[in-house]
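The task is simple: from the sequences and hints, build the whole structure.
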Amino acid sequence: MQELVLIQSGRTLERESAREIARSRLNHEFECRLAECGPLAFRIAQGVLRNSADAEDVAQEALLRAFQKFDRLQDVTRFRAWLVRITFRLALDRWRSARRRERRETEWSRPEQRRAPASTEEIVASSEFQGRLERALEGLPEKLRLVLILAAIQGYALEEVADMLGVPIGTVKSRLFFARKQLAEKLR
Amino acid sequence: MNCKQCQEQIRKTLAAGSELPTAEVFAHQSSCPLCSEFYDAQLNLFQAVDAGLRSLVNHPVPPSLLPGVCARMDEKNLPQRDWIPGWGYAAVAAAAILAVSVVFALRRQVSPPSLQGNTTVASRSVANRHPATQPPRKPGGVAPTTRVKPVVAAVSSAAAPEVIVLAEERQAFAEFVAEVPERREVALALTQPAQAATDAPVEIAFLQIKEVEVKPLEGTPRE
Numbered sequence: 001m002q003e004l005v006l007i008q009s010g011r012t013l014e015r016e017s018a019r020e021i022a023r024s025r026l027n028h029e030f031e032c033r034l035a036e037c038g039p040l041a042f043r044i045a046q047g048v049l050r051n052s053a054d055a056e057d058v059a060q061e062a063l064l065r066a067f068q069k070f071d072r073l074q075d076v077t078r079f080r081a082w083l084v085r086i087t088f089r090l091a092l093d094r095w096r097s098a099r100r101r102e103r104r105e106t107e108w109s110r111p112e113q114r115r116a117p118a119s120t121e122e123i124v125a126s127s128e129f130q131g132r133l134e135r136a137l138e139g140l141p142e143k144l145r146l147v148l149i150l151a152a153i154q155g156y157a158l159e160e161v162a163d164m165l166g167v168p169i170g171t172v173k174s175r176l177f178f179a180r181k182q183l184a185e186k187l188r
Numbered sequence: 189m190n191c192k193q194c195q196e197q198i199r200k201t202l203a204a205g206s207e208l209p210t211a212e213v214f215a216h217q218s219s220c221p222l223c224s225e226f227y228d229a230q231l232n233l234f235q236a237v238d239a240g241l242r243s244l245v246n247h248p249v250p251p252s253l254l255p256g257v258c259a260r261m262d263e264k265n266l267p268q269r270d271w272i273p274g275w276g277y278a279a280v281a282a283a284a285i286l287a288v289s290v291v292f293a294l295r296r297q298v299s300p301p302s303l304q305g306n307t308t309v310a311s312r313s314v315a316n317r318h319p320a321t322q323p324p325r326k327p328g329g330v331a332p333t334t335r336v337k338p339v340v341a342a343v344s345s346a347a348a349p350e351v352i353v354l355a356e357e358r359q360a361f362a363e364f365v366a367e368v369p370e371r372r373e374v375a376l377a378l379t380q381p382a383q384a385a386t387d388a389p390v391e392i393a394f395l396q397i398k399e400v401e402v403k404p405l406e407g408t409p410r411e
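If you read the sequences in order, they're chains A and B.
Per this note's numbering, the very first residue in the first sequence carries number 1; after that it's consecutive.
Per this note's numbering, the very first residue in the second sequence carries number 189; after that it's consecutive.
I should point out that these hints are in silico values taken from the structure, not numbers from a laboratory.
Don't take every hint at face value.
[As the list claims (entries may be wrong)] Taking lysine-lysine and the DSS-like style, the derived pairs with C-alpha atoms no more than 25 Å apart in a straight line are:
id	chain 1	residue 1	chain 2	residue 2
1	B	Lys192	A	Lys181
2	B	Lys200	A	Lys181
3	A	Lys143	A	Lys181
4	B	Lys200	A	Lys186
5	B	Lys192	A	Lys186
6	A	Lys143	B	Lys200
7	A	Lys69	B	Lys264
8	A	Lys173	B	Lys200
As the structure is a prediction and not an experimental result, all values here were calculated from the model.
Encoded structure:
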């Protein structure tokens, strides 16, 4: 009986250590991707939210979600595409809720009570053309918007954008064409 | 190629990411100052759009991004729910259900006295020979709202019999009780418990048939 107990505990230990090894390997694999994909997540969030603090928060949230479900990802090479989708969705959700909140506050507050831009960076960013561009970007369909953001990120060719979105390069080019055309029409 | 077609072509070319117009557009543009101006304006617009998008997206990544993610990852890696075993949730759920059912049972027990305030005295004991008290009705007024549920009459003493009367039958019952002293047999019948009808036990016996005597029919012609 005693021997049996010893064998069982040994097996449990073995299983525990195997699980621990697998977990640490997974963590290591994730951390390798983190250095490459962290900035990408941040930039996507920044493209949607146009606010560094919010973008950082959303990027962290997206990376954390990706980490929690990393073991369920069947094809690890698709990690970047997966992360792009998570980040874009989260950023859109945050943007929508911020817009709702802003609308509520605008309704309840008088115009002179509105918050003035805080930093020089924000003042520069809120210049007339930039403001119009951002509003025009918000008015684009989600697919076109994401393609524009990804294509604008430095260091990614259109082939990589196509890979991230899981669509042929022709589709990326066509979406980019329509997105730019619509933007130009709105800004004319 | 007219100006409209040329301008449309310029827009398409620039939207596709190319800055060089086609030969046809270039030929028209060189002879048309309006289209040439349009081309410059559109080129500026697309360049501004590209620059604006790049400045919007390519913000420097905050240095706290990756350490922040790593810290949150470590938090998630910590075993947080080890103090609750797997069956713990089931036990907690069962305890919650039990507690809720006990509370309901207790409430049910408590509720009848609380209803007493709503009940009205429908009748008194027959032995008292007093008619049931009724709330005074205004002549010609609307009858009080009737209740579907039978109301348990308040008991004046433990020995007096209880009578359950429907709210809409209260008046008739009161009149009946007032007449009872004049009809003695009815009063006696009311005080006596109803006789239980008992059926006589069924007797089961075999069917007895006498021996059958077979006789030929008279008057039938024989062959």
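For each hint, the structure was consulted:
1. Lys192/B x Lys181/A: holds (16 Å)
2. Lys200/B x Lys181/A: Between Lys200/B and Lys181/A the Cα gap is close to 7 Å, so the pair holds against 25 Å.
3. Lys143/A x Lys181/A: It holds: about 14 Å lies between the C-alpha atoms, which stays within 25 Å.
4. Lys200/B x Lys186/A: holds (15 Å)
5. Lys192/B x Lys186/A: The given pair, whose Cα atoms are some 19 Å apart, holds under the 25 Å limit.
6. Lys143/A x Lys200/B: Distance ~20 Å between Lys143/A and Lys200/B Cα, so the pair holds.
7. Lys69/A x Lys264/B: holds (12 Å)
8. Lys173/A x Lys200/B: holds (13 Å)
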